[in-house]
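Asker: Here is how the chains run, residue by residue.
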Amino acid sequence: MLIKSALIIIFLLSAILTAVAGDNDYCFKCHNWQTLGLIDSSYNRIKSYYVNKSQFENSNHKRLQCVNCHDGCFNTWPHNSTKHVSVSCNSCHRKQSVFKLYGTVVDFDSKNLVFEDFENEFFKSVHKLKFGTEFTCFTCHNPHSFDRSNLNKKEKIEHDNSICTNCHGNRNKEGKFRYVNEINLDETHNWLPNFQVHNRSVRCIDCHSSKNDGIRSHVILPKQQAVKNCEGCHSKNSLLLSKLYTHEHKSYRRELGFINGVLLNDAYVIGSTRNELLDNLSIIFSCIVLIAVLGHGILRIIIKLKSNVNK
Amino acid sequence: MKKIKLPKSLSSLFNTRKGRIYISLLSLSLLLVIFSGYIYNKIFEAYTGVTNSVLSYENSIELSELEFEELVEELTREQKLQKAGKVIDADDNFTNNVRTNILMRTRSFNRISEYKHIEYFRKAGIRKYDGPSTCLQCHTTMKVIRPDGKIDVVNTLDDVLNTVHFQFQTSSSGFTTYGYDGRKVNEGWHKIPVGKIDRACGIPGSFSWTGWASLIKTYPEYHGTDSHKTLVMRSEGCGQCHIGGNYHPATEYMMPIGDIPWQAKEGVDCLICHSQSYDMNQKFVIKDDGGTRWNQDRSLRAALTVGKPRNENCLNCHQHNMGGDLYEHNISAKNLGYKNQRILHEGAKRGNPFSIHNDVHYKAGLICTDCHIPQGHKIPRGTKGTDLVGNDLPDVEVACENCHTDAPHTKDKKFRVILNGHVNRIACETCHITNLEDRNVVLRDWVHPTYNSEEGIWSPTDIYRSGNPGKGFTYLWFNGNGTFLANALGSNPNGSKSYNPLMNQLVKIYDPEIINSVRKGAEDLKKIYPDIDVNKYVNRITNTLSGLSSELLNKRRKMIEENIRPLMNQGKSKIYPFKLFNAQMYEDMTNQGPYGAMILPFDYAVYYQTGNTTESVKKAIANPIVKRMYEMPFKYYMMDEFMYYFGVDGWQTVYPLKDGKLYNVEPQWMRQFGTLMVNHGITGKAHKCEDCHSPNGIMDFKMLGYDSIRVNDLQYPEELKNFQIQ
Chain G
1 MLIKSALIII FLLSAILTAV AGDNDYCFKC HNWQTLGLID SSYNRIKSYY VNKSQFENSN
61 HKRLQCVNCH DGCFNTWPHN STKHVSVSCN SCHRKQSVFK LYGTVVDFDS KNLVFEDFEN
121 EFFKSVHKLK FGTEFTCFTC HNPHSFDRSN LNKKEKIEHD NSICTNCHGN RNKEGKFRYV
181 NEINLDETHN WLPNFQVHNR SVRCIDCHSS KNDGIRSHVI LPKQQAVKNC EGCHSKNSLL
241 LSKLYTHEHK SYRRELGFIN GVLLNDAYVI GSTRNELLDN LSIIFSCIVL IAVLGHGILR
301 IIIKLKSNVN K
Chain Z
1 MKKIKLPKSL SSLFNTRKGR IYISLLSLSL LLVIFSGYIY NKIFEAYTGV TNSVLSYENS
61 IELSELEFEE LVEELTREQK LQKAGKVIDA DDNFTNNVRT NILMRTRSFN RISEYKHIEY
121 FRKAGIRKYD GPSTCLQCHT TMKVIRPDGK IDVVNTLDDV LNTVHFQFQT SSSGFTTYGY
181 DGRKVNEGWH KIPVGKIDRA CGIPGSFSWT GWASLIKTYP EYHGTDSHKT LVMRSEGCGQ
241 CHIGGNYHPA TEYMMPIGDI PWQAKEGVDC LICHSQSYDM NQKFVIKDDG GTRWNQDRSL
301 RAALTVGKPR NENCLNCHQH NMGGDLYEHN ISAKNLGYKN QRILHEGAKR GNPFSIHNDV
361 HYKAGLICTD CHIPQGHKIP RGTKGTDLVG NDLPDVEVAC ENCHTDAPHT KDKKFRVILN
421 GHVNRIACET CHITNLEDRN VVLRDWVHPT YNSEEGIWSP TDIYRSGNPG KGFTYLWFNG
481 NGTFLANALG SNPNGSKSYN PLMNQLVKIY DPEIINSVRK GAEDLKKIYP DIDVNKYVNR
541 ITNTLSGLSS ELLNKRRKMI EENIRPLMNQ GKSKIYPFKL FNAQMYEDMT NQGPYGAMIL
601 PFDYAVYYQT GNTTESVKKA IANPIVKRMY EMPFKYYMMD EFMYYFGVDG WQTVYPLKDG
661 KLYNVEPQWM RQFGTLMVNH GITGKAHKCE DCHSPNGIMD FKMLGYDSIR VNDLQYPEEL
721 KNFQIQ
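If you read the sequences in order, they're chains G and Z. Position one of the first sequence corresponds to residue 1 (my numbering), numbered consecutively onward. Position one of the second sequence corresponds to residue 1 (my numbering), numbered consecutively onward.
Hints in this document: simulated from the structure, not taken from any laboratory. One or more of the hints may lead you astray.
[Stated by the list, open to error] Below, a list of computed lysine-lysine pairs in the DSS-like style, where the Cα atoms sit at most 27 Å apart:
no., chain 1, residue 1, chain 2, residue 2
1, G, K211, G, K243
2, G, K29, Z, K184
3, G, K29, Z, K508
4, Z, K497, Z, K508
5, G, K29, Z, K572
6, Z, K42, Z, K688
7, G, K29, Z, K688
8, G, K47, Z, K413
9, Z, K184, Z, K526
10, G, K154, G, K47
11, G, K53, Z, K702
12, G, K95, G, K128
13, G, K47, Z, K572
14, Z, K497, G, K47
15, G, K47, Z, K414
16, Z, K688, Z, K413
17, G, K128, G, K223
18, G, K29, Z, K627
19, G, K130, G, K243
20, Z, K721, G, K53
21, Z, K685, G, K47
22, G, K29, Z, K619
23, G, K29, Z, K8
24, G, K153, G, K53
25, G, K211, G, K53
26, Z, K497, G, K53
[Unchecked claim] Here are a few chain Z residues that face chain G, going by a calculated C-beta distance under 7 Å:
no., residue
27, H404
28, D406
29, K414
30, N420
31, V423
32, P717
33, E718
34, L720
Note that beta-carbon positions come from the ideal geometry of N, C-alpha and C, so glycine has one too.
Modelling step: build the complete structure from the supplied sequences, incorporating the hints.
Answerer: Structure below.
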């Protein structure tokens, strides 16, 4: 066991809260109402205070109390807004942070739950540079329903893509950043053959994020810098190895074993996942079969003719 | 056979027997095709007993040039005075008047007019309004803007004739109604014409055919002396709210083929919707050689002020079913006719008034078509409804959320968010319609009319009227659909099985105040009709299922669980307010089922004049169309399907009149209360929290399917205490 130099135990409970709040059901009594919200000052959007209870209870944060993150005075209604302090991801998800939860100790570093790198990358991304403080972690990620680790690969792709299309692809939705909704994704991607198939098989950020900085894809680049050459992914040293498939190989190897991990995984990218040896072998075998069939046929004809002649 | 000299080719045709038969058959069929319209109409008239002839209107007068200019002067005087007032402002009053006078005679000033058609009519030389043909001179076609922005060009007359406003029915799908057999009306291949035209309902007491345009002879007490009262003719009938002026409703459209005759098309009243000076005193029944029909205002005065419909136009007809005839701001009820005055109906159908005094949207200056956005002449009524009313545009939403979004509350900082949370379960109307008019009719007895000496007519007795929540109207779960007899369908989102309005709140009255009123009403009636058994009378109303045999009762329970329960659980349900209604009518018991029997109509003239209800029914069912209803062709064409929706296994063609006596006909209350949506008369001052969230609130949570723990929670919510603290 490594001994950390400083264990920071984070408790975000105030005494009042423990007395009043009790457990999540108390909050959900009102916050599970779908239409709990208020029209926001832009008059175009509804600021929703709704948290989907069943989604929360399946999310990565399901063991948390509401009050762990939402500090404030909740024994009067409506909750006085100046007292509500919601934390940001980094309040917990940072180095050397250990969360003590009902006797269990969750060490963030070893569980790969430190998000500081993400934040650093995010500061370089086009969203942060363009929108500044308006754009936060929560603009894309909903902490109440975040359950990405439970998803399979296809679901992960869908989940990640929906974060982007929430603003960028959906003309009918009133997004916070409304003007970006004017984009028609099919039109802007019409240079890409089979865009819909790409949409289902890879994530937006696999092409639209930096190829060089780290492996965590939070540096989202302006559209001019997106990947536009096909060979970038459709080749042996596919870019995807450092993006979508970064963790795949490790997890396949872990689950299926070393060799099976290679043979039985479902990673398939045209031009990238080809195995030269198998390709050549299959060609050779096909030729052999063809020769064998033709040869057999010819031999039968010759013998038949010969027997005819004999007669 | 006489041979005619002809070239060889034709010879075989004309000179042989076969050829001549062939030729005659061909020419006969050619004649049939050419005159098919005429022949079909004659057959139709014979079959249904309707008449058609040329419609003429006394007030359609041709004006001379001078009269025309005088009329224009009168119509525009108000506007011009206003305009003049803006530019003339000397200190001296006398000077102002002189200057105003000069301006009123100035040419260019006279051309300023809000009524554009004055100039059009003047230039086109139109000095007489002849009905639709006058309008169609220029407006043969019209542009219709669809919601997706596309522009269609349609034939105006066809566009008008193919609306529910004209036809009073539709054979297409798009109803929000389900039959008791679980099928949606007109969703299958066998579509039947349904709508006001053939809806038997206890509110009007008649079908459109039997009660179209009647002249009633009345002897009111204020006319003449006690010994010799003078006759006052009154008008009554469904045709008063029809945009056509024919002797009968558009029955032709009920048939699979056929069109209405050209005479009927000339009867379309463009002006009642489009004129800004339509005189409702011209709406009375007239009798001529063709029969009785409704008069219209076809004066040039009405025609000159046409424009897009405003609230007054719609309310000319629609205030009757909203605020009611006796609603103090009902304008058309104050203009009953220059002669043969229309009869006023004292009880209100919905009792939710629409006027500047009672509705916030009216007050804000909105007009009907701001929410009911038309496409051409087709007007949507929204995707939710309990009654069997046709909808021109069944896919178009008319809903509060369209403008107010799902977070409509903004004013009260303390409550607004939590009120927005309620939107998920509670419809806007539930809180924002706090009361209906007092004259909202809940119980109407047509079988025991009371003599109204002031008007000199026998009128149906309204046993109970109330506009109070929990009494005149109630709260039910609603997912947008209703049953064939206007019962709201919906379910408690908690999935409660105990919510069963068709066996609970719509068939029993528990409220002691209402029961007392009913008892008193029955006792009053007993003074006129000594045969009434008061206890039985009260029981039939407060326990409507007592009208069913035990066999039918069991069938009803079974049908509800099998057919209706899945429909109740469909979609998303919210709590809506519903006006309740039940009526006692005569029913044809040969055609009865677990939800009621076929309701028979009354003839208005006989009913109002004599109060003899059985004679009135006999006269009404003697109408040829009703007779046709009881014959085989109609049975297969329509009535069987109608009965399946009613929960009955088909239509029995046993005509309920034998030897001059009614056969197997009984007076019956409906076996469940009808529920009608109320959506207008929206108040800014809505219900308070305590109105529902208290032990004796207006909403019966137990009846709405909540278990006792939840009922307690809802009646004594902790949050309410805390809201008071801050």
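Asker: Where does the structure disagree with the numbered hints, that is, which hint numbers, in rising order?
Answerer: 2, 3, 6, 9, 10, 14, 18, 22, 23, 25, 27, 32, 33, 34
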